[in-house]
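First to last, the protein sequences are chains A and B.
Residue numbers for the first sequence, in this note's numbering: 1 to 406.
Residue numbers for the second sequence, in this note's numbering: 1001 to 1473.
To be clear, the hints were calculated from the coordinates, so they are not data collected in a lab.
Remember, it's a predicted structure, so these values are computed and weren't measured experimentally.
You may find that some hints are simply not true.
To be verified - Straight-line C-alpha distance at most 30 Å; calculated DSSO-like pairs for lysine-lysine:
| # | chain 1 | residue 1 | chain 2 | residue 2 |
| --- | --- | --- | --- | --- |
| 1 | B | Lys1056 | B | Lys1078 |
| 2 | A | Lys233 | A | Lys7 |
| 3 | B | Lys1078 | B | Lys1123 |
| 4 | B | Lys1118 | B | Lys1056 |
| 5 | A | Lys24 | B | Lys1338 |
| 6 | A | Lys314 | B | Lys1447 |
| 7 | A | Lys172 | B | Lys1441 |
| 8 | B | Lys1441 | A | Lys314 |
| 9 | A | Lys7 | A | Lys365 |
| 10 | B | Lys1276 | B | Lys1212 |
| 11 | A | Lys116 | B | Lys1338 |
| 12 | B | Lys1386 | A | Lys274 |
| 13 | B | Lys1245 | B | Lys1207 |
| 14 | B | Lys1441 | B | Lys1019 |
| 15 | B | Lys1441 | A | Lys316 |
| 16 | A | Lys360 | A | Lys283 |
| 17 | B | Lys1212 | B | Lys1280 |
| 18 | A | Lys316 | A | Lys172 |
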Amino acid sequence: MESIKDKVAIVGMGCTAFGELWDKGPEDLMVESTYEACEDAGIETTDIQACWLGYVNSDIAMTGIMAAGALQFDYIPVTHVENACGTGAETFRGAAMALIAGAYDVCLALGVEKMKDAGFGGIPQAFPGKWHPVYGAAPEVGGGVARYALAATRYFSYYGLTPEEGKTMLAKVSVKSHYNGSRNPKAALRKAVSIEQVLNAPIIAWPLGLFDCCGINDGSSAAILVRTEDAKKFRPDGDYITIKGSSIACGPSWGKERPDYDYLHWEETERCAKQVYEMAGIKDPRKEMQVFELHDCFSIAEVIAAESLGLVEKGKAREDIDAGNWEQEGEMPINISGGLKSFGHPAGASGGREIYEFYKQFQGKVEEPSRQLKGDLKMGIAHNQGGHPGNFVCGITIVGEPPAAK
Amino acid sequence: MVGITSYGAYIPIYRLARKDIGAMWGKGAGSGERSVANADEDSLTMGVEATIDCLKGMERNSVDALYFATVSPPYLEKQSASIIRSAADLRDDITTMDIAHSLRGATNALRAAEDAVKAGSAKNVMVVASDCRLAAPDSGFEGVFGDGAAALLIGDTDVIATIDGSYHLSSEFIDVWRKPGDKYMQVWEDRFIREEGYLKILPQAVKELYKKLNIKPEDITKACFYGPEPRTHSAMARKMKLDPKTQVQDPMGASVGNTGTALAPMILISALEEAKPGDKILFATYSDGADAYLLTVTDNITKIQGNRRGIRNHLESKMTLPSYGKYVQIKQMMEWAKGTVPARPSSLPVIWRDKEMVWKLYGQKCNSCGNIQLPRQRVCMYCRAKDNFEFVRLSDVTGTLFTYSMDDRAQEIVLPKVFSVVDLDGGGRFYSVMTDRDTEKVEVGMKLEMTFRIQLEGSELINYFWRVRPIRC
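Could you build all of it, start to finish, from the sequences and the hints given here?
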């Protein structure tokens, strides 16, 4: 088995502002992200030979026709992929595999989600794994909070944190992400918040409160992918990035039904990380990567993801957070973009949006200069997972500087 | 000799103080409290509770028929007894029957059970009575009604109380009624019902029983009979020449209320809980006539006493509703603002495929590695052995709360919805919802047990499933 490391390059990217975009439909969003990506790559939409289209919310459409219609593709293959919150990663993976196989030369990885036409907040009809009318606490619309909150309760209990201590740890994560997002013009929530605000907010699903949760909203991200050997044809400036590792891990078992699952780690994230670190040749993820876009649909998700990705020892996230290591000036800036916390989570678009963050940071083109990371940015991780603790699908894409230094 | 071989009862955990009803409507509503079935309970789920209580320590396969008496069935067309049978994990080659329409249903069922055992068509018959009648707001019945269930096992072996004789009276007398589509019971003038109904019909049947069995009122150790509320109940006792102080079992007006079809059997069970061998018990029901029974308690009573949750333990285990508003909410008595979140669907084919799990809470134990798991799947989630399982009943297994969350925005009548991950004693994990809980007392490590409840109302169906609750008593 060969690693896909550096075989595929991202030569153009686009990303809409995320938010409650009442005046935009999914077609508008796809047009905005794709045209930005094409312009960035110096191509026309007609140059795209195949498209991987990711969206989760089947209320908006079925099939790949939605993208073909919006972008007026010329009967090219459009593959609709869905893997919950790992959908974005799946679009990159699909496009990369096709390029490596030599089946196409120019591919589009496109993620889009239009959640705010549903008439309520929350993920419509989200059934991770097997849907059942009565089993599994009965699937709840918008029940993601309660599912992740199970892990928060267990984390506090196992590590001996009082609810106050546990909630304060989580509050610091949200405060950090909100501050980052406050300086990101594409984020949905561009407002810094205080620890007191976070702690005093209404409870959504104990122990998680309003500011522990990200919103569900609208957005789209797009990327033009080519084989690395062709990248310079598109970007003579050499300002492109390559995929170092890309994978999906689907939890095979019902972790929530096995008493040996501890609710303290994300097994699917650990397994997926192992795969992509091996592809990318990463031994010490904390040191070898510089941009960390972690799935923070809920504050506890980010905390446990950091531990499961091997970025911090298990149970030590609190010390790391208290030391300020996750902040912009810290040793390991997590969710410098503002994260799902600030962007919201149009599920299909989030994976590409996280890669977009590395892309812009790497190119030194972050819109708000104060948010530009300093130093040599060699690699970054875009991590997403969806489902239920013990029953996730995880998607990770590791991107970085091209083999020959820029 | 045919008689009662076991008993079980159920009283929901919630109580509503009558002073809170009075405060709501600005008038007196009496003292004491009434029981209130939780929002995820109905007459069927309470019937399951009483049935399982009645069969504690007994072989469930020994039951040959189950008769369910209620005037508040969850479905007007669709049997409840068959679901109770399945949830209680009784054999499926038995007779199940619903007896509805009359508060006298419990003794209709008892009569049929006695006949079946005598005829030899059944060895053991389960008689279940359960009601949660909805009283009109600000009506006299609101504080009077209560919710509860009783179960009596009828057989001819190890009898705890023999049936010495009975008298049955059918009457065309109309007092209360409810037509299809009526939400609340209707009633004629109370004085007419009291004078011509309660004070005449049931006492008449009892007097005929005295005559038939050649006994005198003073021979009765305890009388257990239906009465609409305590005052009329006492007046009825006097008509039967019984001393209300010594001979009449408390009808639980102050603590539970009138549980309809289940009331007389519940009073009977509370008497059996403290009966002594040789006690003569009068058991009588009323409605559309009256049925009167004379029972004699046997030495076997001591084998059952103290081994059931019954009435006494369920009475002591309670939580008081904080307000009348909470009662209105639990009983879904008002039209609420329409939610923006779409209703969750059900699927009868899924429930049918998974019937062992849904109704009986069967998990599966892998014959290769021994691990217990649910829901059903073909390949073992531990050792990947394929199609090599045996069913294990988990409905009577207790467990420990591993972790939980409390969702304030779930589609649930009583919020928050307590998502619970429960590690089962003996293996397996049950991902569930905790009901009958005090959210202040929910904590990791607490002990829990299973309870059969309404899981959701979706696709116009009442979708039952098992939940967990703190160990009740």
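**Hint numbers not upheld by this structure, sorted from lowest to highest** = none
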